[in-house]
Structures are given as structure tokens and as C-alpha cells.
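Please put together the full structure from these sequences, using the hints given.
Protein chains: 2
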Amino acid sequence: MTDIEQIQQAVLQIMVIVKDQLRTNLNFNHVEKKSSRTDLVTERDKQIEKQIIAFLSDRFPKAYFVSEEGYGDCLTDLSGLVFFVDPIDGTLNFVKSHDQFASMIGVYHDGQPIFGAIADIMQDQIFYGGPELGAYVNQQPLAPLINQELSAGLITVSSRLLMEQLNNYRSIINHSSGLRIFGSAGIIFTRLFQNKEVVYISNLKPWDLAAGLAIGKAMGLQAINIDGAPINMLKSQTVIIGTKCATIETKDLLS
Amino acid sequence: MTDIEQIQQAVLQIMVIVKDQLRTNLNFNHVEKKSSRTDLVTERDKQIEKQIIAFLSDRFPKAYFVSEEGYGDCLTDLSGLVFFVDPIDGTLNFVKSHDQFASMIGVYHDGQPIFGAIADIMQDQIFYGGPELGAYVNQQPLAPLINQELSAGLITVSSRLLMEQLNNYRSIINHSSGLRIFGSAGIIFTRLFQNKEVVYISNLKPWDLAAGLAIGKAMGLQAINIDGAPINMLKSQTVIIGTKCATIETKDLLS
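Going down the list, the sequences are from chains U and C. Taking my numbering, the leading residue of the first sequence gets 1282, the next gets one more, and so forth. Taking my numbering, the leading residue of the second sequence gets 1282, the next gets one more, and so forth.
Simulated from the structure, these hints should not be mistaken for laboratory data. Don't take each hint at face value.
No distinction is drawn between identical chains; accordingly, a pair holds when it is met within one copy or between any pair of copies.
[As the list claims (entries may be wrong)] Straight-line distance between alpha carbons at most 20 Å, and here's what the computed EDC-like set of lysine to aspartate or glutamate pairs gives: (1) K1477 x D1405; (2) K1477 x D1380; (3) K1343 x D1508; (4) K1331 x D1508; (5) K1331 x D1358; (6) K1486 x D1339; (7) K1532 x E1430; (8) K1532 x D1301; (9) K1498 x E1430; (10) K1516 x D1358.
So, in C-alpha cells, the structure goes:
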């Protein structure tokens, strides 16, 4: 296995480059639509994804890449070293509000998370870490996760789940302190790491999940597939992510 | 009528004091519950409200005060000079996530908005202005409001309205680019001023509305009562606030 320090160094290096590029030049042009009016991809998404994959594949030539915009590999298993890349998570925020978006890289070895990095671009913060490394923001250790109950904290249910199945989530929202919707999985992960929220429920793709789960594993954050199956890093799934207490309460309220 | 420059100077002076106090000492203790588990008031809310009212009533002895925590006057009309004070808007965020909260002061004369200031405490920004003054953030003029359509932008519907009447708002949300929920009227006003969102729908109290409407009037932001009546600054009401285009589209979709 490639040395974890080497992985951390390379991922943080490209993350800083990408963050500074995005902050210096907030060029929101060249928007393409993907599946619908609200699923956007920009030239910046594609350019940054290519840049990240080129940088990392140069340093880790045997690694595989799973990525949002299609410049990665098509994997059927997770053997070896795999980088999950989301160049701009929250593209709609990137385009419409110019804040609340993130770049994410998650690193797995034989299916296990070893490192993750999430850059909150407009707050100029990089959250990173992994099970063997601990969890940090901009080189400072993150404060420990407080195992808050559902009633003690704010939660996020994605707007898609809310619009389609509000009644399924109503009692969870009512048991919590309140509902917040930011429109970026990466941003919500950073809020969970900082004890700003206690539960996040959304249908997420592997590149939405990988970095956050790797950092979260270092902090004791829980993550379960809503249907009870193990989390599968090769497909989309609806997940409950949060403090141990609040995740269990949420699962109980759903059953 | 008291000179508008004098009002601006005094409001901004106390706003900077309050913002710096809150940023220096994020003391979240002494939380009391108001009407429910999720309606909180802290000692800080009360202390700041008293401080603002003392500061302003000293300088404007004939003025009236309408305020959230009960240290103001009980008004039945809006004659003369009236200050609307919300010491911490988004108290739940203040307590739970330590971000996304605001302090707000709106100034009206004979029922007409003349000045407003909204401090986004954790972003260290004060938005302010009025019909005769223009609109500013931290001494810089705000960029003009872009008259975006509903489909072009993000919107906020308060979580209370969503939970109680999702079906009333479903088509508005579907026509927009997406739903965001931040949990603070003041923060959403600052997002509207910056073209980050195009519509905000919520049931708001006078102190939630006053500052934002005064600044918004300088920018061409529209605000209508959802039932068609004029906005009444002596009571709560459900309002649609946004760009001209998006506010009309929203109203049409509701009827």
C-alpha cells in the first residue's frame, strides 16, 4: 500500500491549488445542463476534474479514479487504491450564489477509507483526515464530535427527498431542533464535523460520500444506508449520517 | 424629522459595537425557551436588545422602539420615529451552529422605511442603506439587483411553511432553481441583496422585516403580503420578497 503520508501530501497539495484557483477566478460561465435545468455542469467542473486526476495519476500511476464528470475509470470493484473526485460539489450554488460549494477528494484502499479532503472554497477552509490520521481543518485538529441527540441539533434532509417524501421525514424534522438546506453534501459534512448539525439525510453518489466518510471515520461520525444494507461505494444510495445518538434515533423513527 | 445622516451614523455605531461584542465572546449560555423547544432566547438576546435601545433612545429621546424581546414600546400606530430592533435574528443558529445569525435595526418615520442595517455577525459584514441613501455593505455600494426570473435563481421557503403547507409551495419550488433553508430572515435578506437568491417566503414579524425592507427599497427589491393586503409593520404576516420578476411569478403561481 502506498504510504498514507504521501497520499495526504499530494491530495492537500492539489486541493490548495484548486481552492486558490477557484477563489482567484470565480468564472461562472459556460454552464451546461446535465439531466435537468437544476443539474448543472460548468467548464470549471470539467477542467478541475481533469486537473486533479492528472496531478494524482502522475504521482500514483496504479490508482483508479471514480469521478463526477466522467474523466475517471469505470470500476466494478474497489481493489487497490481508488480516488473519488468531486471537483465542484454544489454546482448550483457555485453558479447561482457563488458560495456554499466544495471540492472533495476521498481515498480508499481495497474498499476502506484511508483519507479525505473537503475544501469549503469561499470560507477558505480545507477539512481533511482519515482513520489513522485524525481530523483537521487548515492544519488545526478539529474539536471532538459531541454525541448530540436528534432533539439537540439542526439537521439536513435534501430538498429532493423532502419534495418527494416529506411525510417519511416529518417526524424526524419535528424531533430535531430545525431543518437547514444548503445544497452541497460537502458543506453539510463540514457542518457535521463542527457539531453545527447532528444528522444529514440525502441520496448521495460515491464521490459525494467518499471524502466525508473518510474524515468522519476519524471523528466517530456514523453513516448508514437507509435500507439497512452496507454502504456501497460503487453506487448511489440514501444515507443517514450523523452523531451516533442522532443516527440511531433517526433510523428508529423511520422504521 | 431627525436628520437621516444622524440616524445612519448612530445605527451603524451601535451595530459595530454589537457585532464586535458578539464576535469576541461567543457565549451561548443561559438559553431560555420561549414558546417551544425550538424558539429560544438567550441572555445575549436580552442584553443586546437593552444595549441597542439604551444607545438609541439616548440619542433619539422621542423615538419609539418595537423589539423582539420585550424591552420596547407597545405601539398601535407608527407615527413619528420608530426603531425596529432584532438583537439576534436566527437565535437557533446562534445557539446550535454559531453561524448564520444577524442583528437588525430598521428605522421608520410615519410608517415609511428610511434606514436599515443588518449585521451578518460571523461573516463580519454590515449591510445597510435606505431609499434616500442607496445600499451598502461595509462602506462599499452593493452591486445593482438583477431582476432575475424565478427559474433562474435559488429560493427560500421557511421550514415552518414547508412543513405545514408543502403542497401550496411545491410548484414555486419546482419552478425555481432550488430550495435553500438557512434559518435566519436577516441572512436571507443579505442573500437577496447579493443576487444569491431570487425569492423568500416566510411568516415574519415586524422586527424580522423592517431593516431588510428599508435596504431593499433602495435596491428595488419587491415585498408583498401573501394575502394581497399592504404590509403591516404592526403585526406578523406571510410575505413574498424578491426580484420584481420572481415575486410576480411566485404570486401568480399561488393564485
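Hint-by-hint comparison with the structure:
| no. | hint | verdict |
| --- | --- | --- |
| 1 | K1477 x D1405 | both (18 Å within a copy, 19 Å between copies) |
| 2 | K1477 x D1380 | both (18 Å within a copy, 9 Å between copies) |
| 3 | K1343 x D1508 | neither (34 Å within a copy, 63 Å between copies) |
| 4 | K1331 x D1508 | neither (34 Å within a copy, 51 Å between copies) |
| 5 | K1331 x D1358 | neither (22 Å within a copy, 63 Å between copies) |
| 6 | K1486 x D1339 | neither (25 Å within a copy, 58 Å between copies) |
| 7 | K1532 x E1430 | within (13 Å within a copy, 39 Å between copies) |
| 8 | K1532 x D1301 | neither (39 Å within a copy, 41 Å between copies) |
| 9 | K1498 x E1430 | within (19 Å within a copy, 42 Å between copies) |
| 10 | K1516 x D1358 | within (11 Å within a copy, 60 Å between copies) |
This entry does not satisfy hints 3, 4, 5, 6 and 8, going by the numbered hints stated previously.
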